[in-house]
Amino acid sequence: MMRFLLSICITVLMLFSPSVTATTLCAGDEAFSDVTLTTMQLASGGPTLDLSAIPPPNSSYGSNGREATSCEGFFSGNDQPLPSVNIGQYQDGLLNGQPQKKGNSDGALNPINTVFDPQHDGGSNLAFIELSDLQDISGVGGIESDGVNDPGWVYLGKDDGGLGGFDYATAGMGLKNEEGEDISIDIATILNVQFSCADNTSINGDNCSMGTWSIMPDVDIVEKLFPLFGNGFFDHLAFIFKAGPEFVVYDFNFNIIKNELGGGIDLTVPYNLSGSFDMKDTFGKTAISHISVWARDPSLFTVVTVVPEPNTYWLIMLGGVLVYFRCRQKHSLL
1 MMRFLLSICI
11 TVLMLFSPSV
21 TATTLCAGDE
31 AFSDVTLTTM
41 QLASGGPTLD
51 LSAIPPPNSS
61 YGSNGREATS
71 CEGFFSGNDQ
81 PLPSVNIGQY
91 QDGLLNGQPQ
101 KKGNSDGALN
111 PINTVFDPQH
121 DGGSNLAFIE
131 LSDLQDISGV
141 GGIESDGVND
151 PGWVYLGKDD
161 GGLGGFDYAT
171 AGMGLKNEEG
181 EDISIDIATI
191 LNVQFSCADN
201 TSINGDNCSM
211 GTWSIMPDVD
221 IVEKLFPLFG
231 NGFFDHLAFI
241 FKAGPEFVVY
251 DFNFNIIKNE
261 LGGGIDLTVP
271 YNLSGSFDMK
281 DTFGKTAISH
291 ISVWARDPSL
301 FTVVTVVPEP
311 NTYWLIMLGG
321 VLVYFRCRQK
331 HSLL
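Position 311, counted from 1, in the sequence shown is what the numbering used here calls 311; the numbers after and before it change by one each time, with no gaps.
Do not rely on the hints blindly, as some may be mistaken.
Straight-line C-alpha distance at most 20 Å; calculated SDA-like pairs for lysine to any residue [stated by the list, open to error]: (1) K280 to G205; (2) K101 to G244; (3) K280 to S202; (4) K258 to G46; (5) K102 to Q91; (6) K285 to M210; (7) K224 to D186; (8) K224 to I190; (9) K176 to E223; (10) K258 to F233; (11) K224 to D182; (12) K102 to L82; (13) K224 to T170; (14) K176 to D186; (15) K224 to N272; (16) K258 to S132; (17) K224 to I183; (18) K102 to H120; (19) K280 to D199; (20) K285 to N204; (21) K101 to G157; (22) K280 to C26.
Here are the simulated distance ranges between beta carbons [claimed, not checked]: (23) G147 to D186: 24 to 32 Å; (24) E223 to K101: 30 to 38 Å; (25) N125 to D146: 35 to 43 Å.
Worth flagging that the hints you see were computed from the coordinates, not collected in a lab. Ideal Cβ placement from N, Cα and C applies to all residues, glycine included.
Between the sequences and the hints, there should be enough to build the whole structure, so can you do that?
So, in structure tokens, the structure goes:
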């Protein structure tokens, strides 16, 4: 009888402990298809690359496009803290290795962020990026160097179903240049992020579990971001889906996608992106309460030569190849 009561007590303590580690969803790759990248187009215009037309046998591509390259979760609690400066510094925000806020926190994220902290366990379990991807973010707004330890994740904002739509963040909060001028950037002024739920549902209140997303940057976003980030766009895009007491993080590594598509994607120029999400099997009947978006700046102040025209030609050529394979596939079924 005492053993039975003890087992009940242990179970209750595990259920209500503030540092319980949530169920592992992303141990395999089955959950990667929850979020997909469907189209890419240069922000300057030109043809649209339909990733749903990629022919077999690449299993990472399907009728909705390219599935996420990786994911982490489930995690219990909230996807907090958010960055305070927001230019990708070490331990400035959850994805940059800062421990999760207390209060129903996950054991993998608090008191030590074992998933996103590159200094934990020598970086052996670092999610989404490699140790070789770390940067030394210094010299911007008077920030002093503390070594090559900065993951580079920048928080773009979140959609929680509010009337204003996507709630954009600010990058470089509190930073000033040598003249004392504010160099922070309201992300709402450089790109447009939209989420649309299916079946006339809405985020945080109307049983939203699936829908579409799009990110459309300004053509001159690289120039506008130069004072904070130097040349280049981003090489990772991460989505955090929160429902009930849990959340999952999905990552798109554009270095992988670039290699899969023959190297024709130029990560120094901006692209319009669109895709879909389907969380019915992930969260069950629990509706999405909010979706957060992060992007990773690959490096600071790297001198590059941007030649956008070949990318346009490459997209046209790749689009033609995809149409050719799709036609052959249909013909073979006749």
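In rising order, the numbers of the hints this structure does not comply with: 25
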